[in-house]
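Its first residue numbered 0, the sequence shown is counted upward by one per residue in numbering that gives the first Met the number 0.
None of these hints come from the bench; they were simulated from the model.
Possibly wrong hints are sitting among the right ones.
Said to hold, decoys possible - Okay, the calculated beta carbon distance ranges per label pair:
{"#": "1", "residue 1": "R75", "residue 2": "M104", "range": "15 to 23 Å"}
{"#": "2", "residue 1": "T89", "residue 2": "L54", "range": "16 to 24 Å"}
{"#": "3", "residue 1": "A192", "residue 2": "W142", "range": "35 to 43 Å"}
{"#": "4", "residue 1": "D88", "residue 2": "P184", "range": "35 to 43 Å"}
{"#": "5", "residue 1": "P167", "residue 2": "N215", "range": "21 to 29 Å"}
{"#": "6", "residue 1": "Q150", "residue 2": "K194", "range": "26 to 34 Å"}
Unchecked claim - Here are the simulated DMTMM-like pairs of lysine to aspartate or glutamate, each with C-alpha atoms no more than 20 Å apart in a straight line:
{"#": "7", "residue 1": "K136", "residue 2": "D110"}
{"#": "8", "residue 1": "K189", "residue 2": "E128"}
{"#": "9", "residue 1": "K116", "residue 2": "D88"}
{"#": "10", "residue 1": "K116", "residue 2": "E162"}
{"#": "11", "residue 1": "K136", "residue 2": "E148"}
{"#": "12", "residue 1": "K113", "residue 2": "D66"}
{"#": "13", "residue 1": "K113", "residue 2": "E198"}
{"#": "14", "residue 1": "K164", "residue 2": "E198"}
{"#": "15", "residue 1": "K116", "residue 2": "E84"}
{"#": "16", "residue 1": "K179", "residue 2": "E122"}
{"#": "17", "residue 1": "K113", "residue 2": "E162"}
{"#": "18", "residue 1": "K136", "residue 2": "D221"}
{"#": "19", "residue 1": "K164", "residue 2": "E122"}
{"#": "20", "residue 1": "K113", "residue 2": "D88"}
{"#": "21", "residue 1": "K164", "residue 2": "E128"}
{"#": "22", "residue 1": "K175", "residue 2": "E128"}
All residues carry an ideal CB built from backbone N, CA and C; glycine is no exception.
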Amino acid sequence: MKLLFSITTSLLLITACREVVKPKKERPVQIDTMILVAPPDSPTIKISNNAASILTHDTTTYIRFQDCHFSLDWIRANNQRNNLESRPDTLYFYLMYNHTIEGQMLAITTDAAKNIKVWQRYETSIFFEGILFAGWKHFTSNWEQLTPEVQNFFICKTYTTNERKLFPPTSLQSFKQYVKNSATPIIYEKAAALKHLPETIGISRYYLRLEGLSSNKLLIFDVTTD
Numbered sequence: 000m001k002l003l004f005s006i007t008t009s010l011l012l013i014t015a016c017r018e019v020v021k022p023k024k025e026r027p028v029q030i031d032t033m034i035l036v037a038p039p040d041s042p043t044i045k046i047s048n049n050a051a052s053i054l055t056h057d058t059t060t061y062i063r064f065q066d067c068h069f070s071l072d073w074i075r076a077n078n079q080r081n082n083l084e085s086r087p088d089t090l091y092f093y094l095m096y097n098h099t100i101e102g103q104m105l106a107i108t109t110d111a112a113k114n115i116k117v118w119q120r121y122e123t124s125i126f127f128e129g130i131l132f133a134g135w136k137h138f139t140s141n142w143e144q145l146t147p148e149v150q151n152f153f154i155c156k157t158y159t160t161n162e163r164k165l166f167p168p169t170s171l172q173s174f175k176q177y178v179k180n181s182a183t184p185i186i187y188e189k190a191a192a193l194k195h196l197p198e199t200i201g202i203s204r205y206y207l208r209l210e211g212l213s214s215n216k217l218l219i220f221d222v223t224t225d
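Make a model of the complete structure from these sequences and hints.
Written out as structure tokens, the structure is:
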């Protein structure tokens, strides 16, 4: 009996020694996204009390005001419309082709413990023959306040298919007349043959409004078709 007990005990010890110890699952590393918006070092850039600075590096554009900075991807400054010294509170940008601000991270870094509020809206326009008729009629949405993920950290709103198709009531004749006055004869010839308004309606412009800084900021992003 003692022999049987000894053999049984030995077998249990051997089995225990052979058990594979499962490694502990490592907790996922959470990157502090706030560091991702720090603009590249540029000692040549000096910002006056009321001015703004725009710097593009790779696919990211950094916008820096006197009291904060942040960044967005796939945008380029519209230098023909921007005046960084005299009108720094309203800035215009182009979106690179096939890109959007929707779903992008907007992390605002500021020296002071400011509670920034961000609002977003959009416009739709008609697209015809590859041309965006943004100067004609368009639908403009209401401002919607973005809910921060954490303080001063936002995700830009993504719109539904139905929201992208909203457009004010209008007539085919009105559209044809606008094309005649603004487009080439070839494009007008194609528009003149239309029996119905073009069905291609999409977002042509985005707006972001920042509140809680020394002055409110308005950022305007125009969609490009090429």
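Taking the earlier hints as the rules, which of them does this structure contradict? 6, 7, 10, 11, 13, 15, 16 and 17
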